[in-house]
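There are 2 protein chains.
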Amino acid sequence: MKVNVIQKFGRFDDYWHPRIAAELNETHVKLVKVKGEFVWHRHQGEDELFWVVRGRLKILLRDGEVSLEPGEFAVIPKGVEHCPIADEESWVVLIEPKTTLNTGNVIDHRTLRQLEWV
Amino acid sequence: MKVNVIQKFGRFDDYWHPRIAAELNETHVKLVKVKGEFVWHRHQGEDELFWVVRGRLKILLRDGEVSLEPGEFAVIPKGVEHCPIADEESWVVLIEPKTTLNTGNVIDHRTLRQLEWV
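Each protein sequence line maps, in turn, to chains A and B. All letters in the first sequence, in the order written, are residues 1 to 118 by the numbering used here. All letters in the second sequence, in the order written, are residues 1001 to 1118 by the numbering used here.
The following block holds chain A by itself, in its conformation from the complex (with noise of 0.2 Å):
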């Protein structure tokens, strides 16, 4: 019933492929390593919130960044394209409803149609 996060995210090394670690009402908690650029996109109906446990994550908006170091978390809202970055490997939780593809409107090879749980 308890999950230790930095425990789970030793449990797989692939990056951009997120785990599922909570899910509870319509949300999935999920644990993803990230490192080098991922792709632009962006998710029409859903929020997004990015929370790094470790490393640093810069999130491209079309109109600026964010970046995000351990313990900061940003939420990209519906309908925003934006392009995660990471210049070492980084840990992050992400928040999001269940419905929610990984590359959002864009389909390439790192789209994931089904998540496991970690």
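Worth flagging that the hints you see were computed from the coordinates, not collected in a lab. Given the structure is predicted, the values throughout are model-derived calculations rather than measurements. Please note that a few of the clues may not be correct.
From the structure, some residues in chain A lie toward chain B, with a derived Cβ separation under 8 Å [as the list claims (entries may be wrong)]:
no., residue
1, M1
2, V3
3, N4
4, I6
5, I20
6, A22
7, V29
8, L49
9, V66
10, L68
11, G71
12, E72
13, F73
14, A74
15, I95
16, P97
Every residue gets a Cβ at the ideal spot worked out from N, C-alpha and C, and that includes glycine.
Got chain A sorted already, so can you dock chain B onto it with the hints?
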């Protein structure tokens, strides 16, 4: 747009009085400082996530308990009676639907019908 969780916790001092730190979709992320024993209650329609960032939180259940340290979280499913307790001051992040009342099905002097942002 960016939220530093620890900084936000520095902005208030009272116990068992959650503040809203983020809103996404139908969900709130709230920050609450706790100390002592709260009240036994349940949320009829809402699962509730407790994430400890400082101190230690014990959540009593009718058939057991969960003890959380920093970096650990637990989901209390809708309908499950629980009573949070903290021996020392502890800082907890709550993730739950916007409709969630802090005392659930119990109305007492700690019931908060409106929450401020922090």
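Each hint, compared with the structure:
| no. | hint | result |
| --- | --- | --- |
| 1 | M1 | holds (5 Å) |
| 2 | V3 | holds (5 Å) |
| 3 | N4 | holds (5 Å) |
| 4 | I6 | holds (6 Å) |
| 5 | I20 | violated (12 Å) |
| 6 | A22 | holds (5 Å) |
| 7 | V29 | holds (7 Å) |
| 8 | L49 | holds (5 Å) |
| 9 | V66 | holds (5 Å) |
| 10 | L68 | holds (6 Å) |
| 11 | G71 | holds (5 Å) |
| 12 | E72 | holds (5 Å) |
| 13 | F73 | holds (5 Å) |
| 14 | A74 | holds (5 Å) |
| 15 | I95 | holds (6 Å) |
| 16 | P97 | holds (5 Å) |
Consistency with the previously given hints fails for number 5 only.
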